[in-house]
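Trainee: The primary structure of each chain is shown beneath.
There are 2 protein chains.
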Amino acid sequence: MSELRYNYLKDTWAVIAEERARRPHDYSTHVYEEYGDKSKCPFEPGNESKTPPEIFAIREPGTAPNTPGWKVRVIPNKYPAFRIENSDKADFYYIYDKKGGFGAHEVVIDTPDHYKHIQDFSIEELNYMYIAFRERIKSLYQDLRIKYVQVFKNHGKDAGKSLVHSHSQIIALSKIPKTPDTMIKQSRTYYQKKERCYLCDEIKVELLDGSRIVYENDHYLVYCPYASLYPFEVKIIPKEHSHDFTTVDGEALDKLSDATQQAVRRLHKSLVNPPFNMILYTVPPIRDNPEDPNYFYHIEKHFHWHIEILPRIAIHAGFELGTDYFINPTPPEDAAKFLREVIL
Amino acid sequence: MSELRYNYLKDTWAVIAEERARRPHDYSTHVYEEYGDKSKCPFEPGNESKTPPEIFAIREPGTAPNTPGWKVRVIPNKYPAFRIENSDKADFYYIYDKKGGFGAHEVVIDTPDHYKHIQDFSIEELNYMYIAFRERIKSLYQDLRIKYVQVFKNHGKDAGKSLVHSHSQIIALSKIPKTPDTMIKQSRTYYQKKERCYLCDEIKVELLDGSRIVYENDHYLVYCPYASLYPFEVKIIPKEHSHDFTTVDGEALDKLSDATQQAVRRLHKSLVNPPFNMILYTVPPIRDNPEDPNYFYHIEKHFHWHIEILPRIAIHAGFELGTDYFINPTPPEDAAKFLREVIL
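Taken in sequence, the protein lines are chains A and B.
If you're matching positions, the first sequence starts at 0 in numbering that gives the first Met the number 0 and goes up one per residue.
If you're matching positions, the second sequence starts at 0 in numbering that gives the first Met the number 0 and goes up one per residue.
If you are wondering where the hints come from, they were derived from the structure by calculation, not from laboratory data.
Some hints could be false.
[Unchecked claim] Some chain B residues flagged as far from chain A (calculated, every beta-carbon gap over 10 Å):
{"hint": "1", "residue": "Ser48"}
{"hint": "2", "residue": "Thr50"}
{"hint": "3", "residue": "Lys137"}
{"hint": "4", "residue": "Ser138"}
{"hint": "5", "residue": "Asp142"}
{"hint": "6", "residue": "Tyr190"}
{"hint": "7", "residue": "Pro224"}
{"hint": "8", "residue": "Ala226"}
{"hint": "9", "residue": "Lys254"}
{"hint": "10", "residue": "Asn276"}
[Unchecked claim] Cross-link-like lysine-lysine pairs, in silico, DSBU-like; alpha carbons within 30 Å at most:
{"hint": "11", "chain 1": "B", "residue 1": "Lys115", "chain 2": "B", "residue 2": "Lys77"}
{"hint": "12", "chain 1": "A", "residue 1": "Lys9", "chain 2": "B", "residue 2": "Lys238"}
{"hint": "13", "chain 1": "A", "residue 1": "Lys156", "chain 2": "B", "residue 2": "Lys156"}
{"hint": "14", "chain 1": "A", "residue 1": "Lys9", "chain 2": "B", "residue 2": "Lys97"}
Note that beta-carbon positions come from the ideal geometry of N, C-alpha and C, so glycine has one too.
Assemble the whole structure, with the sequences as input and the hints as a guide.
Mentor: Pasting the structure below:
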């Protein structure tokens, strides 16, 4: 059973995931399963019985759950860091705070095609992926014990992907983790001072300045942020203020998939299939917060949902691990220029 | 000229290091220089002219600077992220805060021996390395513009090492970076409530509990922290409260080298030469702090210097990058047991 342990001095939490318990020699084992023989891949249509039963799928009409015919398929992670069965109880051990590993850990199999990766996806295929994210977030937030859902994709072995077949992951937690917590507090502070959304202001600056823009369509802006922590970091964001990703549908969904396709294909071509992590930040549900009753103060007005793509092309070393400052050897203005100039 | 850019939503700073400017194709180039032919290695005795002139060295009597005869040698980094010549001026760009890349970036060549790595170092050789750290920290803090010095070592390519010859790095900054800033605020809060040092309490718990201890000698405790963010994370800490690493000398220095040798050799043997980062946290000098005049309130009583060793054996993926929570697949109690049982 996994548990969260509070690291007091760094003010963050370790997830001690015993389900994944690893002995020293396990770390030298190659964990990236390529399945040259795709018939062995558990994410392959026809192999549905090799995974836990599906939670959600978009299917061809008339096909049964856990059989082929799906376009996108969501299943529980076989080696979950969090489980619904675990306790969410706060507890302690000597001077240390801890908490049960309550939550959920799901896998989105983005496509039935073993050989397709996100840079190959059509608009329709990207739509399926985003619909799966949307529907799972909505469903997980029905459980009042869930305070936050993190959706992410690991692309490439060096970004932490362990199975080659394209997939994303969804983790639901009984706490708002450190980074989104910081984002909420920072955007709330900005709103309290200025009555404006910070990211709306950032978008205005980027449109005015222009040097960091990679692509835009009617609904979305794709740019390399001014204070990019990662080289070739890319942000995808709705131009009009919107706090909740789960409202995206229809034309806005098509346009999000278009913006994603542009971002991912440009990175893929410019950096020659770089590993990257894709991270979705959307508003958490309003819950009671004993630490700060005003925690969610007008969150709908200052939280602006967005997606980050973080290429893993430079290794974070002792400086980054020790300080949480990030040396970025490529100015975002240069990165954006390279990405703009890619011919697709 | 490098600059710091404030990432408002994540409340941290990006170091845009133009001296290291990298175009897309640079990222696919192998940056780990092995120098099978050690005569080409710029860190080799006899090749002193291939590096900038030395800043500090421990030498055999009668040998001249920038010639062979050194035991440990400190030089400016050829590709610095920070420079003394840069401005430390706070500035802005539209809504963004920025700051000049003032600081220092030095390289400690730990040993003249091309083939020796930290797990091979004798007590005497470890002493030389620590004396170099100590003397450079003391010297850098003479400059009143310097607010913080971060000493770290990248061991192994996957920990960000770029030259095979054993070396460490020292970065001096005009700001206290995010992680040490959090540590100072957290330990100060603890002290204000309890009149006790947090890490002194942690040491007491660890000695009482025992399950996470790897090694101890008269002066130092080596253990896997309760809330380890990294699998096989190890902390080396003086058992008696001490805020300032630069006071370490004589027997305490020998014992620090002994504790380090034990920690590093046990990790090396248990995990088969894992890549790791080693990070030294020591008290920053007391400087005027306009944001909080009480920032340094009794810092000598609550800041407890220590060293972290963070093995890079599990890849941080989208979850860690997105949340700043860390999934650790090896409980520190198990890690400590493996490390204790190593026969050296």
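Trainee: Does each hint hold? Answer for all of them.
Mentor: Checked hints:
1. Ser48: holds, 27 Å
2. Thr50: With a cut-off of 10 Å, B:Thr50 remains clear of chain A, as the shortest Cβ separation is near 20 Å.
3. Lys137: holds, 19 Å
4. Ser138: The claim holds: B:Ser138 sits with its nearest Cβ about 20 Å from chain A, beyond 10 Å.
5. Asp142: holds, 19 Å
6. Tyr190: holds, 12 Å
7. Pro224: The claim is violated: B:Pro224 sits with its nearest Cβ about 7 Å from chain A, within 10 Å.
8. Ala226: The claim is violated: B:Ala226 sits with its nearest Cβ about 4 Å from chain A, within 10 Å.
9. Lys254: holds, 23 Å
10. Asn276: B:Asn276 not clear of chain A: closest Cβ-Cβ about 4 Å, inside 10 Å.
11. B:Lys115 - B:Lys77: Given pair B:Lys115, B:Lys77 holds - Cα atoms ~22 Å apart, limit 30 Å.
12. A:Lys9 - B:Lys238: holds, 20 Å
13. A:Lys156 - B:Lys156: holds, 16 Å
14. A:Lys9 - B:Lys97: holds, 25 Å
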